[in-house]
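A.B. asks: Each chain, letter by letter, is given below.
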Amino acid sequence: MQKIKDERLLLKNLQNLRIAYILQTLGIIGILGYDLITKGIDGMRENPLWFVFILTTVVSAFLSMNISVEYESQKRSPKKGFLISLVVLTLISTIIGILTSLSEGFTAINGVLIAGIIFICGIVPISYLYYLRKKSIDDHTD
Amino acid sequence: MKNNLKVARIQVNLTQQQLAKKVGVTRQTISLIEKGKYNPTLKLCLEICYAVNKTLDEIFWVDKGE
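Protein chains in written order, with this note's numbering: chain A, 792 to 933; chain B, 3 to 68.
The set of hints was computed from the structure by calculation and includes no laboratory data.
This one's a predicted model, so the numbers in the text were calculated from it and none came from an experiment.
Don't be surprised by glycine CBs; every beta carbon is placed ideally from N, CA and C.
There is no bait here: all hints are sound.
Just a sample of chain A residues kept apart from chain B, beta carbon distances all over 12 Å, derived:
| # | residue |
| --- | --- |
| 1 | 818 |
| 2 | 833 |
| 3 | 845 |
| 4 | 863 |
| 5 | 919 |
Simulated crosslink set (PhoX-like; lysine-lysine; CA at most 20 Å straight-line):
| # | chain 1 | residue 1 | chain 2 | residue 2 |
| --- | --- | --- | --- | --- |
| 6 | A | 796 | B | 24 |
| 7 | A | 796 | B | 45 |
| 8 | A | 803 | B | 39 |
| 9 | B | 8 | B | 37 |
| 10 | A | 794 | B | 24 |
| 11 | B | 66 | B | 4 |
| 12 | B | 45 | A | 803 |
One chain only, chain A, in its complex shape (with noise of 0.2 Å):
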């Protein structure tokens, strides 16, 4: 097969791959579905396909944060997001992490896990979110 190099050929390409990829989480989405009507939660969880949903989920959330970036007007300074945000991560972890601690059943060293690993997700789409806040004033700037 010759490779394509007609833009129009291109463009259409990709348009039938996103039509193949929404009948294609559409299908995980069923298949999901089914497995939480006849196994319950666990059930569905267990299943490798959620694993694919949660993570083609996760990538698309990051990717659609690159266009939702361009849109937001330039006035706030990324720096300034990206301590706000910081701030107010560091508390709801700190947060969570004492409430769990102080749970029954759960040691502090819970605690402390269960705030180490609510602020590592937490701070990597905050830190992706300052990248690409600044990256865009830097095109814009040029």
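Go by the hints and put chain B onto chain A.
C.D. replies: Here is chain B on its own, set in the frame of chain A:
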């Protein structure tokens, strides 16, 4: 979008297939551009202009509101 590609192409004695080969697209794309059913990118517009020895405004210019 309306354009004068067909006239320009005939002036330099090129068939759709020949022009397509010159600019590196398929014949169908040239046909759709001539019919105004596909908007080419600026890059492809320029390639076409070089191939038929015309400037961008001679082939792709349309007056406002047309």
